[in-house]
Amino acid sequence: MRGLSVAEQGLCFIFDCFVKYQGTWTYVLLGIAAILLTLLYRKKEVEFLFLWYPLVLLLTVFNPFLMNKVIVKMDFESEFYRFFWLVPLPFFLAYALVETGSRLKKGWKRVTLIAAVGGLVLFCNQSSLKQIATISIPKNVYKVEDDLLTVAELIHRDSTKEEPKVALPLEYNLQARQYDPSLRLTIERNKMMFWLGIDTAGSYTDENQSYRYQSDIMDVIYGGRNTEPSVLKKALAKTRTDYLVAYKKNDVHETIREAGCQAVGETPEAVVYLTSYGKKHKE
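Following the working numbering, the numbering of the sequence shown begins with 254 at its first residue and continues without gaps.
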């Protein structure tokens, strides 16, 4: 996983990956508690599913003495988290909770159990709940940024192409494909992820021309960097980008204009530019 390596973590690499993947080490304690309860209940079919199967995983893919060498040899430190998809932890915890609840005869004990579990869930997910509280859900039927709808409308109104190629800000780039597939995106998802520092979907260097040109564009509209206008202009031409969209709050608009781009419209949040390449190839 990003930020973790066998060289630095050593035998703790797999455990550290698990904690980072789950977001908390509390699940380790819950898993141990569920194992003890399963042993206490003595159900053979459940033991086979939730005890023997995880034991095999612990002896193989989660065995640091075995896997650390394999991970380094095959160079999949960043992809190791996918092995956690094999762990039946959510189902195991759900079973342990239901089985425990069904064995409690008195109603007040069940209420206490539910309250304790609810409190534990809230405690373990405080950061996630804070993020959810700040999310503003768009009111339009497409459930994308309202500003993106206006951006798409401005581009289609100005363009003579059915499928113009567009370099969009980060959030818009992620949402545009689900709203308007007729907008061809300059910034590819995997290259965008790598630029953001996430290498699980691929890694690139400046020797990769496609990544280099897209990176030059992302430096401006994602990073807010005022690079050389000639560099941006070349990147837009090489990627055959017709339109570039930049947030108003980013102080890069002078660089964009000097790169030969012309503003054709704006929204409350962004400015839509026709690139010099787009001008030359406007039908």
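Please note: incorrect hints may appear among the correct ones.
[Unchecked claim] Each computed EDC-like pair below joins lysine to aspartate or glutamate, with the alpha-carbon atoms no more than 20 Å apart:
id, residue 1, residue 2
1, K396, D433
2, K392, D433
3, K486, D459
4, K392, E424
5, K486, E507
[Claimed, not checked] What follows is a list of derived Cβ distance ranges for each label pair:
id, residue 1, residue 2, range
6, L302, L423, 39 to 47 Å
7, T458, S258, 16 to 24 Å
8, F301, V351, 17 to 25 Å
9, M327, L304, 27 to 35 Å
10, V299, L366, 14 to 22 Å
11, I285, E415, 36 to 44 Å
12, P317, E511, 27 to 35 Å
13, L373, Y274, 36 to 44 Å
14, F344, S483, 56 to 64 Å
15, W338, H534, 40 to 48 Å
16, R335, L264, 33 to 41 Å
To be clear, the hints were calculated from the coordinates, so they are not data collected in a lab.
From the three backbone atoms N, C-alpha and C, an ideal C-beta is built for every residue, glycine too.
Which numbered hints fail
Hints 11, 12, 13 and 16 contradicted; others consistent.
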